[in-house]
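Sequence lines, in order, name chains A and B.
Numbered per the numbering used here, the first sequence spans residues -12 to 299.
Numbered per the numbering used here, the second sequence spans residues 129 to 545.
Hints are not guaranteed to be accurate.
[To be verified] Label-pair restraints from in silico Cβ distances: (1) A:Leu106 with B:Thr157: 45 to 53 Å; (2) A:Leu120 with B:Gly261: 40 to 48 Å; (3) A:Leu32 with B:Ala487: 51 to 59 Å; (4) A:Gln185 with B:Pro196: 43 to 51 Å; (5) A:Ile144 with B:Ala210: 43 to 51 Å; (6) A:Gln70 with B:Gln400: 18 to 26 Å; (7) B:Pro306 with A:Met261: 48 to 56 Å; (8) A:Met261 with B:Thr340: 22 to 30 Å; (9) B:Gly470 with A:Leu32: 52 to 60 Å.
[As the list claims (entries may be wrong)] Capping the alpha-carbon separation at 27 Å, the derived lysine-lysine pairs in DSS-like fashion look like this: (10) A:Lys158 with B:Lys492; (11) B:Lys359 with A:Lys142; (12) B:Lys301 with A:Lys142; (13) B:Lys254 with A:Lys142.
Everything labelled a hint here was simulated from the structure, so no lab data went into it.
We put the beta carbon where it would ideally sit given N, CA and C, even for glycine.
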Amino acid sequence: MERAYPRSVKAPPFWRRLFTSRGILPYALLAPAIIALIIFIVYPLVDGVYLSLTDANLLKLSQAQFIGAENYTRLLNRDVFWQALGNTVVYTFGSVVLSFGIGLITALILNEDFRFRGLARTLIAIPWATPWLVVTLIWYVMFNPQIGPINQVLKSIGLIQTGVPWLYQSKTAMIAIVIVTAWRLFPQATLIILAGLQSIPPDLYEAAKVDGASSWQRFRYITLPSIRTTNLIIIVLLTITSFKLFTIAWTLTQGGPGTATTVLSVYTYQEAFMSNRLGRASALATLSVLVSGILVIIYFIAIGRENNGEEA
Amino acid sequence: MSRKLLLMLSLVCLLLVIVPVSAQDDPTTLRLATWQWEDPAYSPFWTGTVDAFQEANPNVTIEPFNFPIDQLWDRLNIEIAAGTPPDLLEVTGFNVFQYMNQGVLAPLNQCFEGTDIVDNVLAEDKYAVDDDGNIYALNLSARTLQLFVNRALFDEAGVDVPTNFEEFMAAAKALTDPSKDQYGLVLVDLPHSRMYEAVLDMVVGYGGHFSTDGEPNFTAPEVINGVQYFKDLFDAGVMPQGVADGGAQYSYFNSGKVGMSIDGAWYWAVLQQNAPDVAANVEIYPIPTDSGLPTGGVNNLIGIAAGSPNYDIACDYLKSIATQEWGEVWTTSSGTASTMPGAVTDEFLGANPWFSVFAQELPKAVPVAIPGLEIYHNDMVRLINNRIVEVLYDNKPVEQAMEELQSDVESFIEDQQ
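Work out the full structure, taking the sequences as your base and the hints as a guide.
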C-alpha cells in the first residue's frame, strides 16, 4: 500500500523510499545469502528427497522413474538397515561418552595451576587439528596385528601372546573405531569445557572450602551445575558430529567385519557408489537428515530450557 | 532467371559442396578412460596406439581420462551419470558386466562387421557378449594367478615345491619360522578383491565355484571345503594376518621372508624393480591345488560409451588396435598376455621363460566373476568378504557362515528385482 504523507511534507523520491527500512533494501541485503542457501542447501535437499522417491541408478540417471515410498518401505523392511541404525546409535553413544568423559577430565586437569600448563593446553589440541584421514592412517598402524604398537605393548607386558586383530573382529572393531573417534574429538570437548570452567567465580570455591566442602562436593555442587549449559552444548555437538561421521568407519573397517561397523553413512555410501542405487541411498540420507533434525530440535529445546531456567 | 536468383542458387550449391568437406575435416576429440596411461608397463601400448591413430587421422585427438584404478570408477560413474562419459572406456573383466547391464556400453557388432576381429580375437573368449549375441567390448588381455616361490627359502627348509593341497599346507608350515618373522605364504586376508580371489582359488581347487548352473550355491561341499582350507592356512599361522591389499602382499614377499605367494604375471615386473635380490631366487609354478585349475580369464577390455557422438571414429580406433602388432606391444611391455592372436610370441617366451607357466595355464582359467551373477560382481565380492572375515577373525564356523552368506546373496538378488 502506498504510504500517505501530509500535504505539508514532501514525499521522499521513489528511489530513496525503495531503499529505506520499509523498502526492498533489507531484502536486497539478504538476497545473496538467501540465494546461496537456496542453491547450496535447499535445492540439494529437495532434489535428494525427490531422488529418494525414484529408482535412480547412478549409471542410468536419466531413466529414473518415480516409485513413491518404495525405497523407504524396502529399507525399513531390511535387517541391514536396522543393524546400521543400531550400529550408528552405539557408535555415536560410545564416541560421545568417551570423548566427553576424557574431555571433562582433561579440562579439569588443565584448569588447575601447574607448570607448563600453557604448553599442555596447546598440545592437547593436536588430535583436533589433525585431518580425519590422517587420524585413520595413524590408528590403522596402531591397531595392526603384526606391527601395531598397541599389540607390541600388550605382548611385552604378557597380556597377549599373538597380535589381536582389533579392526577385524566383530567384538573389537566397534570399540576400536569408537576409541579413534573419541581420540579425535575429545580436545574439542576439553577446550569448550575449559572455557566454561574459567567462567566460574573462584569465590564460590573459596566459600565452599571455608564451609568444609570436600573436593568431590565442590565438583558436584559447584563445578557441574556451573558448566551444565556448556556440557549440554558440547554433548549435542559431539552427537551430531559422530552421527554423521563416515571417514573413520569407512577407512578403518569399511563397515566390517560383516556389518559390525556399518553405520548409516557407510551404508549410504555403499548403496550410492558400490551398488549405484542413488534412489535407495537418497532415502537413507533423508532418514539420516531426519534423525539429525530431531537431535537439533532436542538441542534447541534443551538450550531454551537452560536459558529459561537461568532467567527464572 | 534474375541475376539475384542465380547468385543465390550459386551460393547454395557452393555451401552444399563446402559444408560436408568442412564437417569431415572438423577436429574431433575422443576421450579415453583408462587407469594405465601413465603406468610404465602399459603406456607403450596406449601412447603407441593413440599416437599411431592420431597420425593416421590428423583431425582426431585422443585425450586420456586417466586416474589410478581406485579412483577411476567413481569419477567415471559420475561422468556417466552426468551424461558425458568418455567415448572409449577401458573396463575390467569384473565391471564390464555391470556396464553392459546398465546400458553404459554400446554394442560393437556393427563396428566389427566385415572384420576378422570376431573370429580372431573374440572367438575363444566370448566374454562381454550377451545372450542375444551383442558384443560390448574388445578383449585386450587375459590372466591367471600362479604360485611364486622363493627358491632360496625352499632349499633352506629342504622342501619340494607343492603340487596339491596337502603338500601346499605342509610346505607352508615347513617354511614358517616365527623366530625369524618368516612365513610360508602370503595372501590378502582382509576385505579386498584379492581376498575374494584367494578364497576362490581354494574353492576352484576343490573343483567348485560360488554358483551352480548360474544360481548361488555357497553351501556346496566344494565351497565349504575351499573356505575351510583357507581358514586352516590362516589358523596354522603360516601367513601374516592383516594383509590389506596387493601392495601389502607385495611388500611381504619382496622382503624375502615369505616362501610363497599367489599372484599374477604383472607382479614379476614389480618384484624385479623393487626387490631384485629376491627376484633372482623366485620361480613360478602352477597353483598347487587338487584340481590344478587357476582363476582368471579376460581381465582388460575396451568398449565405446553408449550414445557417444563419435562412435564411428572410436570404432576405427578399436579396429586399429585389434592387431597382432599391438598385441605384441601389450605383452612385451606389460608382461601379461594380450588376447590378440599370436601376441605371445616364441621370441617373447624365449626371452621370458618365467612367463611360460602363465601361458600354459591360461586356457584352463576359471572365471573370477561368479557365473550367472556377473552383473553383481562388486556386491558379491563385498558380501562374500564380509562373511569370510567373520570366519577368519571371529572364528565363525564355515558351514554357518556359508549358510548366512547364501541367505545374504538370495536376499540381495531378491532386492534387485
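Okay, the hints, checked on the actual structure:
Judged by the Cβ atoms, the range 45 to 53 Å given for A:Leu106 and B:Thr157 is violated: they are separated by roughly 58 Å. Between A:Leu120 and B:Gly261 the CB atoms are about 47 Å apart, so this pair conforms to the stated range of 40 to 48 Å. For A:Leu32 and B:Ala487, the hinted distance range of 51 to 59 Å is satisfied, since their beta carbons lie about 57 Å from each other. Checked against the hint of 43 to 51 Å, the pair A:Gln185 and B:Pro196 passes, with Cβ atoms roughly 49 Å apart.
Between A:Ile144 and B:Ala210 the C-beta distance comes to about 56 Å, which lies outside the given range of 43 to 51 Å. Take A:Gln70 and B:Gln400: their Cβ atoms lie about 46 Å apart, and the range 18 to 26 Å is violated. Range check, B:Pro306 to A:Met261: Cβ separation about 38 Å, and the 48 to 56 Å hint is violated. Restraint check, A:Met261 to B:Thr340: a C-beta distance of roughly 26 Å satisfies the suggested window 22 to 30 Å.
Taken as a hint, the range 52 to 60 Å holds for the pair B:Gly470 and A:Leu32, whose Cβ atoms sit roughly 58 Å apart. Restraint check for A:Lys158 and B:Lys492: not satisfied, since their Cα atoms lie roughly 41 Å apart, outside the 27 Å limit. Distance restraint check for B:Lys359 and A:Lys142: the Cα-Cα separation of roughly 24 Å lies within the 27 Å cut-off, and the hinted pair is therefore satisfied. Pair hint B:Lys301 plus A:Lys142 holds up; C-alpha atoms about 23 Å apart against a cutoff of 27 Å.
As the CA atoms of B:Lys254 and A:Lys142 are separated by approximately 54 Å, the hinted pair breaks the 27 Å bound.
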